[in-house]
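Enquirer: Spelled out, the chains give:
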Amino acid sequence: MIDWFSYVQIAVALLAGVFCLVSGFARRAPNDYTLGATALVELLLVVQFVVALVSPAAGNPPKGDVLTFWVYMVSALLLPAAAAFWALIDRSRWSTVVLGVACLAIAVMVFRMNEIWVSPNS
Amino acid sequence: MPSTTDTPASSPSGEPRPSGEPPASGQTNAVGASSRSGKIVRPRVAGVGRVLVVVYAILALGAFGRSLVQITEQYNDAPVAYSLSAVSAVVYIVATIALVARGLVWYRVAWVTISFEMLGVLVVGTLSIVQPELFAHATVWSIYGIGYFFVPLVLPILGMIWLAKNKPVKA
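Here the protein sequences line up with chains A and B, keeping their order.
Quick note, my numbering runs 384 ahead of the 1-based positions in the first sequence.
Quick note, my numbering runs 235 ahead of the 1-based positions in the second sequence.
Since the hints were derived computationally from the structure, they do not count as laboratory data.
It cannot be assumed that every hint is accurate.
[Claimed, not checked] Listed next, the stretches of chain B that the computed footprint assigns to chain A, with coverage defined by at least 3 CB atoms under 8 Å from CB atoms of chain A:
#, region
1, 285-299
2, 344-354
[As the list claims (entries may be wrong)] Partial list, derived from the structure: chain A residues whose beta carbon lies under 7 Å from chain B:
#, residue
3, Thr-452
4, Ser-459
5, Val-485
By construction, the Cβ of each residue, glycine as well, lies at the ideal position given by its N, Cα and C atoms.
Work out the full structure: start from the sequences and follow the hints.
Expert: This is the structure in structure tokens:
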């Protein structure tokens, strides 16, 4: 992983999460903006996935546990996709809240993934 | 034999809840083939309850992932803590299903699993502070779930409130 990219990703996921939560509590059903924000979070995760695949070959291997990292990575990739799928089926404001919860969870997961990448005992 | 339409609540046409989904099975209204007068059903999970289910699912995923890694890589380091991780993962998964599933049995399963989580986070949380050597390796419940932003501590409470407010009703 690349430090600055991870931090950008965490910031985007936090912003998207708060935005979706606010929209949801403002009684909005999932719309292009909230789904778009979630899609952006997912897109950055796909980029991160590629970065994590390529980094070891470029002399930047994970210092922490590799299996833990990949369990996080795969779970993270699934989460916004599942939330967005949910939001397309259940058109209620609570689906917007669900999008927000998923984005915030991604922020935490990327933070943990970055920790695992840079530090051997985490 | 099914009696004729019994209560006004079980009118065959409209579902009272504002969800856009079609009724999943014959259970939604009491006019299905299996209905008797006064049959007790669980209401469909709606509104904020759905968010609760999602948070449960995320926690189940987290607990499952962690215990998978612990057991495949370092089970012999701390069999007690890691077995506990696995048990908690299974309980979270069952609780997630039990919150959604419609049957009366599932309602009881939800109470049992959520109570187990409450007990688990309180007992393991306390032990991990009083007797830290027992739990040298992290579990979801260590220090009341601090590694998961105390979600494991708050979630069973919310789950119990939700279950108490959404009792099975006579259809």
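Enquirer: Look at each hint and say if it fits the structure.
Expert: Here is what the structure says about each hint:
no., hint, in the structure
1, 285-299, "holds (count 7)"
2, 344-354, "violated (count 0)"
3, Thr-452, "holds, 5 Å"
4, Ser-459, "holds, 6 Å"
5, Val-485, "holds, 6 Å"
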